[in-house]
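K.L.:
Protein chains in written order, with our numbering: chain E, 1 to 75; chain P, 1 to 75; chain A, 1 to 75; chain R, 1 to 75; chain L, 1 to 75; chain Z, 1 to 75; chain H, 1 to 75.
Hints are supplied without guarantee of correctness; some may be wrong.
Okay, the calculated bits of chain H under chain Z, using three or more residues with CB under 8 Å as the criterion [claimed, not checked]:
id, region
1, 37-51
2, 54-65
Over 12 Å on every C-beta distance to chain E, these chain P residues come out as not near it, computed from the model [what the hints assert, rightly or not]:
id, residue
3, L22
4, S33
5, S34
6, L59
The set of hints was computed from the structure by calculation and includes no laboratory data.
Glycine residues also receive a C-beta, built at the ideal position from the N, C-alpha and C atoms.
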Amino acid sequence: MQAERPFDLLNKSIGQHVLIRLKNGSGIRGKVSSFDAHMNMVLAEAEELGDDGGSKTKLGTILLRGGNILYVSPV
Amino acid sequence: MQAERPFDLLNKSIGQHVLIRLKNGSGIRGKVSSFDAHMNMVLAEAEELGDDGGSKTKLGTILLRGGNILYVSPV
Amino acid sequence: MQAERPFDLLNKSIGQHVLIRLKNGSGIRGKVSSFDAHMNMVLAEAEELGDDGGSKTKLGTILLRGGNILYVSPV
Amino acid sequence: MQAERPFDLLNKSIGQHVLIRLKNGSGIRGKVSSFDAHMNMVLAEAEELGDDGGSKTKLGTILLRGGNILYVSPV
Amino acid sequence: MQAERPFDLLNKSIGQHVLIRLKNGSGIRGKVSSFDAHMNMVLAEAEELGDDGGSKTKLGTILLRGGNILYVSPV
Amino acid sequence: MQAERPFDLLNKSIGQHVLIRLKNGSGIRGKVSSFDAHMNMVLAEAEELGDDGGSKTKLGTILLRGGNILYVSPV
Amino acid sequence: MQAERPFDLLNKSIGQHVLIRLKNGSGIRGKVSSFDAHMNMVLAEAEELGDDGGSKTKLGTILLRGGNILYVSPV
């Protein structure tokens, strides 16, 4: 198909902060430590976002199951 | 079956803007950077659309999980 | 099993108009350009239907994910 | 296990009318033209049933995705 | 693991009546004719049960998709 | 990874009573007869639990589909 | 991709306490005994958390199905 592949974006995000929108509508921000082919991701300094986009709850380091993700966006 | 295949539409959309309707009813517009066999897509200049079809929220570059998609339409 | 197979109906629908009922209850009409084994379909001249069965919104060409389909019917 | 297998019922239903109850609660009646291993079925003379079990809407020939089915019953 | 396996219960239920609780909360009673590895089952003399556990609707012979089942219980 | 594996808990539960919390929120208690790799389980002396954790309905022997399970706990 | 993989976090959590947020919104805390490739986990000293993050119900040892998990976080 094309030279670049979607997961390249995750690869380039290692050590960077991303915003993740979940299927349930909530948002999580954190620094990408690792990911796998299911889009499971370990995020450091993760925090759940409030409706205004600001930090609502500190989560620390989390392993997020990829199946819950709507989209991932570098910030 | 037939000479053309559905994913050919995505291939021709590389570098073009598309509108994506999600299963949850919301709409996203952006420029296709890459996609894979699960219909995971990287969109540049992505924006979430309001009910009137106009831009509601700038999202920047996103990796969208294909499983959330209802349909993709070139614009 | 039997000589004919369900996907034969899609094959015969290439270049023809079909009505598609989605799992979410809404209806889409369009001309079949291509399909694959997941029932992903490219429809040309697609339009979303209103509750009265008439055209509500012009969608143009769309790639519809097969997993959202309840049934496909030639028109 | 046993001599007979569940899909034998579909095989014997080719050319016969069946009632199909869907996961979403609605009912469809039609004549089985073909089916496959995913329980995808082509039904001729299909009609959606009303709450009283009578015909509500004529659907003509449809390709029904098997994943939507609760049960199939010969009539 | 163990000498016996869960599907042995279905095997022993061939020709016997079972009560099936579905994911959607409703109950079906019938005599097991056959089943397969997906827990698809053909039930003869099937009937949908009312909230009081008594027969509400006669269904005749049905092919039930296994994915809808919560549990199966010999009666 | 580690010497012990999650399904070891099921293996040790053969012939023992367990409490099972289902995805739909309800609880079932019973004695494990067998299980398989999908976490399908046969439970003897099964009973559905009320909100107070006491027995609400006697179910007898049931084959429970593993996909409905939230967690299993020895009692 | 990267040297570390998401499941390394689970491996390092063996014998440690974690907080698990489920898809249904509830929270469970416990000590990781084992896990597998589906993220099925055995937790010792598990307890369900109340809305205030404190312990609401003691669950003892549980086998949690991985498919219910939103995220896992070391505590």
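K.L.:
Confirm or reject each hint.
P.N.:
How the hints compare with the structure:
With 4 residues bearing a CB less than 8 Å from a CB of chain Z, the region 37-51 of chain H meets the requirement of three and the coverage assertion stands. Closer than 8 Å: that is the beta-carbon criterion, and the region 54-65 of chain H has 7 residues meeting it against chain Z, so the requirement of 3 holds. Once the 12 Å rule is applied to beta carbons, L22 of chain P is inconsistent with being away from chain E; the minimum gap is 8 Å. The Cβ of S33 of chain P does not lie farther than 12 Å from every Cβ of chain E; its closest approach is about 6 Å, which violates its non-interface assignment.
Not every CB of chain E lies more than 12 Å from the CB of S34 of chain P, the least distance being 5 Å, so the non-interface label is violated. For L59 of chain P, the condition that its CB be more than 12 Å from all CB atoms of chain E is violated, with the nearest at approximately 6 Å.
In terms of the numbered hints stated before, the structure departs from hints 3, 4, 5, 6, listed from lowest to highest.
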